[in-house]
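A.B. asks: One letter stands for each residue in the lines below.
Number of protein chains: 2
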Amino acid sequence: MSAEENGDTCGDPGTLRPGGRTARVRAAVLRTAGDALAEDGFARLDLADVARRADVGKSTVYRRWGTVAGLVADLLTDMAEQSLPRTETGSLLGDLRANAELVRGTLADPRQGALFKAVIAAATTDARTAESLHRFYEIRVAEWAPCVEQAVRRGELPEGTDAHEVIRAVSAPLYYRLLTSDAPLDRAAGIRAAEAAAAAARAGVYT
Amino acid sequence: MSAEENGDTCGDPGTLRPGGRTARVRAAVLRTAGDALAEDGFARLDLADVARRADVGKSTVYRRWGTVAGLVADLLTDMAEQSLPRTETGSLLGDLRANAELVRGTLADPRQGALFKAVIAAATTDARTAESLHRFYEIRVAEWAPCVEQAVRRGELPEGTDAHEVIRAVSAPLYYRLLTSDAPLDRAAGIRAAEAAAAAARAGVYT
Chain F
1 MSAEENGDTC GDPGTLRPGG RTARVRAAVL RTAGDALAED GFARLDLADV ARRADVGKST
61 VYRRWGTVAG LVADLLTDMA EQSLPRTETG SLLGDLRANA ELVRGTLADP RQGALFKAVI
121 AAATTDARTA ESLHRFYEIR VAEWAPCVEQ AVRRGELPEG TDAHEVIRAV SAPLYYRLLT
181 SDAPLDRAAG IRAAEAAAAA ARAGVYT
Chain Y
208 MSAEENGDTC GDPGTLRPGG RTARVRAAVL RTAGDALAED GFARLDLADV ARRADVGKST
268 VYRRWGTVAG LVADLLTDMA EQSLPRTETG SLLGDLRANA ELVRGTLADP RQGALFKAVI
328 AAATTDARTA ESLHRFYEIR VAEWAPCVEQ AVRRGELPEG TDAHEVIRAV SAPLYYRLLT
388 SDAPLDRAAG IRAAEAAAAA ARAGVYT
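Chains F and Y are the protein sequences, given in the same order.
Each residue of the first sequence is one higher than the one before, counting from 1 in this note's numbering.
Each residue of the second sequence is one higher than the one before, counting from 208 in this note's numbering.
These aren't lab readings, by the way, just hints derived from the structure by calculation.
Treat the hints with care, since some could be wrong.
[Claimed, not checked] Covered by chain F, per the in silico footprint, the following chain Y stretches (three or more residues, Cβ under 8 Å):
1) 322 to 334
2) 355 to 362
3) 368 to 382
4) 403 to 412
Using N, Cα and C, we set each Cβ at its ideal position, and we do this for glycine too.
Kindly produce the complete structure, drawing on both the sequences and the hints.
C.D. replies: Below, the structure written as structure tokens:
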């Protein structure tokens with residue numbers, strides 16, 4: 001039985017009850033959309049197909065998400081909300097290694113890696129998806145930036161270090177490897193990404 | 208008049224005469240393919256349309272390139288061949304800044320930036336394009352790696368530094384910015400990318 005058949009046909013997107021039926025429908029639809037993106041990419045994503053696979057009424061999906069880009073935007077919002085909070089290890093290198101390992105593990109995961117590739121590819125042609133993707137990274141970078149700010153306060157990094165730019169520097173070589181080579185995203189690549197960002201930050205490159 | 212109408216119907220791809228009609232046909236087709244990719248992306252690239260726009264016989268294009276992926280592979284081969292040789296400034300930072308400025312200028316150029324975005328996006332779903340793209344970067348990284356090897360010999364960098372990884376580290380933040388943000392690819396971003404790679408290399412991160 002679909003959620004719509006269950007009577008969930010008049011939900012207002014503004015009245016999400018966590019754990020309620022609306023939230024369960026959203027979770028099912030976003031999980032299905034993520035699976036479909038990872039399997040077939042953005043170009044083949046289809047709202048009716050997602051509704052069928054998620055066992056949710058088609059009209060619910062159209063009313064709530066409207067378009068494929070709208071659905072992907074909500075998926076990215078959900079991914080940002082569900083992402084793990086930053087780790088605090090007490091040292092800059094420890095924190096950056098934790099961040100690198102989180103990014104590396106995500107991109108190396110077959111489903112998640114394919115999902116990110118699909119969304120990055122879609123963002124090159126779809127302006128709304130680009131905006132959603134940029135916002136996703138802003139949220140994630142802002143989540144981890146305080147570990148750089150703490151390192152400045154501890155005297156590990158120069159005053160005036162751009163914390164957001166240091167966090168981006170950790171991700172950059174991992175995404176570059178994912179998108180431009182067939183080299184594996186192994187743990188060594190994550191450690192090197194963290195060490196390179198820390199060394200450049202200590203040298204004052206990001207002030 | 209198309210090249211085919213000119214009588215160039217029995218050219219063997221193995222007998223390229225530089226400057227000859229075959230070379231002129233290839234140049235016209237690849238330039239048109241690059242324009243089309245930058246304007247409309249990989250999904251809309253069409254051999255017949257490229258032939259028409261390049262004023263080359265359709266059967267010549269089909270015989271020589273066969274598929275869209277085959278055409279893009281040849282475009283990437285040509286781009287690698289046409290790319291500028293590395294600059295030798297006498298210092299590691301000078302060389303890496305020259306490399307960063309070349310990459311940054313390419314990605315910031317409206318046509319070239321859109322072309323790279325289109326090919327990177329296509330590589331996420333098309334295996335042959337991925338292979339061609341990876342090969343393009345291998346060639347470009349190998350072209351610039353000697354500036355790192357020279358820096359090791361001059362004592363600027365530790366013995367055993369992975370020269371290819373240092374060159375990749377220069378490009379990574381520029382591609383990451385292109386694909387995950389709407390921040391401009393300004394000269395400052397290029398300088399910072401070069402300085403970060405140099406600082407990390409000096410600290411021994413790439414040994």
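A.B. asks: Looking back at the hints listed earlier, which ones does the structure fail to meet?
C.D. replies: Number 2 - this is the single hint that the structure violates.
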